[in-house]
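K.L.:
Chain by chain, the residues:
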Amino acid sequence: MSPVDPRFHQALDGDIAREGVPPEVRRAMERLDAAAALLAVVPTGASVEARVMAEIRRPVPSRARRLVRWLATPHAIRLRVRPAWSLALAAVAALLTLLSEGDIEPELGGQEGIAQFVGRFPGARSVHVVGSFNDWRAGTIPLEDRDHDGVWRGAVVLPVGAYEYMFVVDGERWVPDHLADRSVDDDFGRENSIVIVRAAGR
Amino acid sequence: MRLGRALALLALPVAAAAQSLRDDRLAERLPAAAIPAVDSLVQQARAERLPTEPLVQKALEGGAKRVAAERIVVAVQRSLTQLRDARALLARAGDAPPATAAEVTGVSAALKRGVPAPVVEQVVAALPSQPRGSALHAVADLVTHGFQPDSSAALILEAARDGLRGERLLDVSTAALHEVQRGHTRAEALALVRARLPDVPAAPKPARASVVRARRPSEPPHEP
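Protein chains in written order, with our numbering: chain A, 1 to 202; chain B, 1 to 224.
You can trust all of the hints, since none of them are fake.
One side only, chain A facing chain B, incomplete, derived with CB under 10 Å:
# : residue
1 : Pro106
2 : Gly131
3 : Val157
4 : Val168
5 : Asp185
In silico EDC-like pairs for lysine to aspartate or glutamate, Cα to Cα no more than 20 Å straight-line:
#  : chain 1 : residue 1 : chain 2 : residue 2
6  : B       : Lys65     : A       : Asp185
7  : B       : Lys205    : A       : Glu107
8  : B       : Lys65     : A       : Asp186
9  : B       : Lys112    : A       : Asp186
10 : B       : Lys65     : B       : Asp24
11 : B       : Lys65     : B       : Asp39
12 : B       : Lys112    : B       : Asp85
13 : B       : Lys65     : B       : Glu53
No lab work stands behind these hints, which were simulated from the structure alone.
We put the CB at the ideal spot given by N, CA and C, even for glycine.
Please work from the sequences and hints to get the whole structure.
P.N.:
Right under this line is the structure:
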């Protein structure tokens, strides 16, 4: 069964003289002798213990290097989704987005400013501001009474300049702005208020 | 020459479109009886190269307030006269023609608010190289609150000499009005503000809540 020539074993065991074996067996025996000689040499380098200790004492990689290695290494993430919570979270995110959109300031041009209007009209159902900034057209600039205290407020983006205006209460009653700093005869027997819009970017 | 003619030809349709727009506004919003007279006054102003927008606005205001047609026409006629007076005043004060629409309108507004013509003329002549709208409004603010016109103009012109320009001149009149509210006489208020020039507090900026709420006027609703 063994592929090795039996004379090889006999020669190794000293049963037959090496000179008596065929040349091919003798060459194999010489190769074996050379390998045995190599194994017999005592290693001159560090001992196994020294090499193990050196491996243990190798400097620890820096935090940054470990981070880079961690980032570069693929990781498996397991995500478990609970549909009810996911939908609720999405609804809250959508609501927050909608609410925050109302807080966006209007973009103003260099020659635009903001006119603020305030009037006290307890019991009024609607208050609009009407003037030369909207061709005296009622219904385009409504004021609001958010906390229902009778004080109606509004703010309008307008080109810089001076404008005459009045309040229209409940769609029919024309009232001047009693808080306005300026007013002028309207040529129809009443007084218009005047607002001067300053550039917002000044 | 050819280029000028070509530009004039190109401008014709634009002018015609503007004209029809103007007519539309008047036609939609005025009592029918007032439209021909008002339109005629607007055409006169255009022919005289006076600003027409103040006339249209006065007519629209009358229409919105449901004033009788005759009173609307009278008011528009009065506005046209005021614009003519304003342009004449600008010429007297040394402004080289043509006066801009803004200058004519600004002077007209100051006269209407009760600033005497010689005082307006004085302000215009003293500020030859800058817009006078804010200066005239500042003087008018003081005059309408009982300050002497001459003293009011003197304060505003001194502020302009001290380097205050445009809307900052409105802060000067506001500062004087605040001194009166604090109990000073008008003469004392003028003296106090004059002594502090050019250091007058700037008008506060609108609160952020107002800025966030500010919207441009919406399109007008369709009228039945």
